[in-house]
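Trainee: Here is what each chain is made of, one letter per residue.
There are 2 protein chains.
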Amino acid sequence: FKNACKYLQDFVEEVWKMGRSDPRKVIFAMKMGLALAIVSLLIFWKGPYENVAQYSIWAILTVIVVFEFSIGATFIKGFNRGLGTLCAAILAVCFSELSLLVGKWEEVVIVISIFLMGFCSSYLKLHPTMTPYEYGFRVFILTYCILMVAGNRTREYKEAIITRLALIAAGAGVCFLVNIFIYPIWAGEALHGLVVKNFKDLATSLEGCVNGYLKCVEYERIPSKILTYQASDDPLYNSYRSVVESTSREDTLLGFAIWEPPHGRYRRFNYPWKSYITVSGALRHCAFMVMALHGCILSEIQASPETRQVFSTELRNVGAEGAKVLRELGSKLEKMEKLSPGDILKEVHEAADQLQEKIDRRSYLLVNSARWEIGRLNKELKELEDKENKQLGFKSLSGTLLDLRSDPVLTPPLPIDASKTMFTKQVSSPAQISLNVDSCLKGDECRTYESARALSLATFASLLIEFVARLQNIVDSFEELSEKADFKGPNISRIPTAKKRFGA
Amino acid sequence: FKNACKYLQDFVEEVWKMGRSDPRKVIFAMKMGLALAIVSLLIFWKGPYENVAQYSIWAILTVIVVFEFSIGATFIKGFNRGLGTLCAAILAVCFSELSLLVGKWEEVVIVISIFLMGFCSSYLKLHPTMTPYEYGFRVFILTYCILMVAGNRTREYKEAIITRLALIAAGAGVCFLVNIFIYPIWAGEALHGLVVKNFKDLATSLEGCVNGYLKCVEYERIPSKILTYQASDDPLYNSYRSVVESTSREDTLLGFAIWEPPHGRYRRFNYPWKSYITVSGALRHCAFMVMALHGCILSEIQASPETRQVFSTELRNVGAEGAKVLRELGSKLEKMEKLSPGDILKEVHEAADQLQEKIDRRSYLLVNSARWEIGRLNKELKELEDKENKQLGFKSLSGTLLDLRSDPVLTPPLPIDASKTMFTKQVSSPAQISLNVDSCLKGDECRTYESARALSLATFASLLIEFVARLQNIVDSFEELSEKADFKGPNISRIPTAKKRFGA
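Here the protein sequences line up with chains A and B, keeping their order.
All residue numbers for the first sequence refer to this note's numbering, where the first residue is 7 and numbers rise by one.
All residue numbers for the second sequence refer to this note's numbering, where the first residue is 7 and numbers rise by one.
There may be inaccurate statements among the hints.
Put simply, identical chains are the same to the list, so a pair is met inside one copy or across any two.
What the hints assert, rightly or not - No farther apart than 25 Å at their CA atoms in a straight line, the calculated lysine-lysine pairs in the PhoX-like style are these:
id	residue 1	residue 2
1	K490	K206
2	K352	K31
3	K206	K280
4	K352	K131
5	K164	K490
6	K231	K206
7	K341	K352
8	K352	K203
9	K494	K344
Simulated from the structure, these hints should not be mistaken for lab results.
Only a predicted model underlies this, so the values are computations on that prediction, with no experimental measurement involved.
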């Protein structure tokens with residue numbers, strides 16, 4: 007019993023918190039209660055048409071099924087309810103006439119007609135194109151049955167049909183009035199907010215990935231939830247996962263938003279809600295790269311910290327600039343402003359170019375030369391490294407190379423020997439080379455592993471550059487959206503700063 | 007009018023096709039019609055309790071809302087309906103007593119109670135933990151209103167409540183009987199099939215990616231649907247997209263499957279349906295790597311065909327072995343067999359090792375040495391390449407190196423010169439080196455691009471190897487599932503083959 011009390015207390019607390027964090031939910035619940043209370047007044051109807059009180063439940067039923075969180079959802083449900091009811095009414099009239107005509111076979115006709123309607127509506131609603139109208143089919147069959155039952159009992163099909171249609175209309179009317187005129191909650195607004203949130207989440211995730219990689223964050227044991235792609239506590243993982251997972255929510259909101267009339271900041275008819283989905287899709291295309299970057303952190307094969315250090319400035323720069331672009335786009339979207347003149351991607355492209363240049367100049371750090379058929383390269387690399395070590399004060403730039411250079415076949419001890427072997431090798435036959443190679447291949451898995459370690463940094467960098475390349479997509483789709491939705495120009499007072507910033 | 011006819015004809019054809027491709031849908035619709043027809047017989051009830059005919063609509067309503075495609079979904083809806091109705095009945099009894107007590111304030115009490123119930127149920131159903139019971143809340147408020155309305159009208163609350171509860175129970179009973187005993191459709195079966203399909207899809211996608219990469223498939227213009235992550239016609243893209251997108255469907259099916267009683271091949275109580283989701287999640291974790299591989303094909307920066315050719319055997323091998331493992335696991339899962347003794351991953355690991363070895367030995371092809379501070383490496387690489395070219399008959403192994411070796415500062419024309427510069431450089435000060443480097447940095451974006459091209463193959467290979475590493479996850483989660491679900495041992499007659507195959 008004590009446990010139950012504790013559980014109940016926790017639950018109440020959590021429910022209270024939910025209301026504080028999102029007051030829209032409390033407001034929605036109050037609106038729903040209000041609509042129900044208004045409709046329930048019909049129970050006490052004492053005026054003409056005494057049937058109203060008796061059948062008031064149909065108005066209540068309509069409120070219960072039509073009233074939804076957002077205006078768009080209410081509209082689409084109301085439309086479904088209306089269309090379903092209308093079709094049902096027409097068919098009910100036809101079949102009731104028929105059943106009256108056939109006389110003593112009336113009951114058979116009714117049962118068969120119900121079977122037929124049930125079959126058709128359940129079958130058609132399974133068609134993929136009918137998914138948004140699933141509810142309409144349910145309403146259709148429900149209304150059809152109600153009308154047949156009521157008509158059959160009172161023998162006055164037409165009156166029964168008209169009373170119920172009027173009550174259903176009254177219920178739907180109350181729903182729309184309450185939902186639209188008291189603190190409306192718009193699905194379009196929610197969709198807008200979701201896309202903005204995705205931008206911010208992805209920026210956080212990107213920064214987290216790059217910084218984590220440079221800090222050589224390693225998972226002691228990778229949470230099995232990440233390995234099986236389930237929700238986990240890892241904030242870095244959760245941010246990009248929410249971007250990837252938001253597809254179905256976006257589609258639902260889009261389905262509602264296109265039903266909403268122009269309102270608030272979305273004053274145009276045919277507001278381009280679809281373009282929001284496109285922007286979000288382009289963002290998701292980038293998110294998959296962040297996912298792959300995170301994969302490098304999760305991987306068992308990790309580049310040595312020293313090598314990462316060499317490229318750290320450039321990597322960090324690209325990460326920071328990339329996140330800045332995402333945040334900038336996110337805040338532009340939030341404020342519904344067009345992009346400032348000048349190339350928003352200029353800085354991140356520069357950062358990526360610098361990274362690429364650095365890779366270009368230091369790519370020997372990204373490969374393990376110990377096994378190349380031309381052994382003396384190691385020698386030279388070692389010297390170059392030693393020099394750099396002195397310059398930069400590192401113990402070792404590439405653990406890989408230092409550790410594995412001790413192979414006697416491939417790395418002669420002196421530079422003069424190196425140049426000798428060079429000449430020897432140049433005249434050696436292909437067969438000899440492969441012999442040499444074979445002789446040092448046996449049992450050196452460890453070395454292969456070292457080579458993979460070195461390359462893993464290259465992979466991280468390439469993925470990051472690919473991420474930057476994909477940013478162009480987002481910018482393009484954002485511009486398309488801002489044209490179609492007629493966003494306002496960039497804030498005048500901010501243009502000088504913006505210009506300076508983008509060097510335009 | 008002609009258009010409308012054409013449209014209608016197309017629609018009928020399509021609907022007909024739907025039935026032929028998935029007869030379950032026709033059967034479901036017929037079952038639904040049957041259940042409705044049975045329940046509608048209550049309309050003509052002539053026995054004792056004459057109220058039954060009048061209120062028969064409640065049984066029909068129950069069938070309409072409870073009858074669902076799969077057994078699990080029907081159960082969960084039935085449970086919701088039952089619980090919601092029960093709670094509503096209890097509260098309705100309490101409030102009806104109260105309303106009778108307060109005398110002339112009766113109507114106020116009723117309206118306020120309806121408002122309160124509406125508020126509470128709409129608020130609580132928004133809590134994330136309540137999502138599966140959303141429908142229960144709707145039923146609750148609906149039933150509560152019905153009982154209050156009916157009771158208020160006839161002044162016999164208790165009788166009204168009992169009649170309606172009995173009718174609702176009758177409707178639910180008909181639903182369960184028809185749904186379970188006539189050609190049952192199980193959500194568990196569908197979940198099982200979906201996971202098996204995911205294995206096959208991913209195998210197809212992996213093979214497509216690797217083969218496409220080796221054939222240097224390039225998109226003339228990447229479909230913007232891929233760039234914004236929308237459904238597209240590309241089969242390669244669609245296969246992995248469906249694996250990634252199946253999360254929400256899997257979750258829905260899981261929610262239904264855990265409600266289903268033991269049946270058919272799933273004879274255990276507490277059947278581990280959750281483990282299916284885990285296996286599918288591990289598979290999805292691999293799918294993200296295939297997605298990244300596809301990203302390499304989509305990328306603007308592409309490795310030269312010649313370089314790809316060098317690694318083609320190994321890459322193709324890894325792709326083929328990886329797909330084989332996926333197909334093997336998929337068919338094991340389909341047949342519900344345990345894994346054969348021996349390591350299913352042995353061959354794919356060997357293939358990956360070979361790829362890694364090849365990379366290790368030829369990693370000079372993956373980097374662009376033209377810009378290294380040690381210029382004469384190029385020379386040696388050239389010679390090595392030329393030798394290989396003769397061996398293999400290629401025009402050029404690495405377009406990169408050949409194209410860019412003409413830099414006068416970095417590549418001296420003769421081997422003897424090369425060894426000379428080597429010695430010179432070794433004594434040159436760091437300042438001099440950086441000077442040399444700077445002098446050749448200006449305006450050579452193209453070269454940086456070449457370097458990126460070369461590295462992109464390294465990225466593809468690393469991602470492929472990471473994919474292989476992630477396979478272990480799938481195997482682990484599959485083994486966990488096969489233990490928990492008590493799969494049968496591998497087919498006896500096949501063990502010799504299996505043993506031979508895995509070398510156990």
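Trainee: All hints are to be evaluated individually against the structure, with a verdict given for each.
Mentor: Consistency of the hints with the structure:
Taking the shortest alpha-carbon separations for K490 and K206, only the intra-copy value of 23 Å comes in at or below 25 Å, while the best inter-copy value is 41 Å. In this homomeric assembly, K352 and K31 never come within 25 Å of each other (Cα to Cα): the closest approach is 43 Å inside a single copy and 55 Å across copies. In the homo-oligomer, the alpha carbons of K206 and K280 lie at most 25 Å apart inside one protomer (20 Å), although the nearest pairing across protomers, at 32 Å, exceeds that limit. Proximity of K352 and K131 under a CA criterion of 25 Å is satisfied in neither setting, with 51 Å inside one chain copy and 48 Å between copies.
With identical chains, the CA atoms of K164 and K490 are never at most 25 Å apart, being 49 Å at best within one copy and 60 Å at best between copies. Taking CA atoms no more than 25 Å apart as the test, K231 paired with K206 passes in both settings, with 23 Å inside one copy and 23 Å between copies. Taking the shortest Cα distances, K341 and K352 sit within 25 Å of each other inside one copy (22 Å), while across copies they are farther apart (55 Å). Taking identical chains as interchangeable, the C-alpha atoms of K352 and K203 lie at most 25 Å apart only when both belong to the same chain, with a minimum of 24 Å there against 44 Å between chains.
With identical chains, the CA atoms of K494 and K344 are at most 25 Å apart within one copy only, with a shortest distance of 6 Å there and 62 Å across copies.
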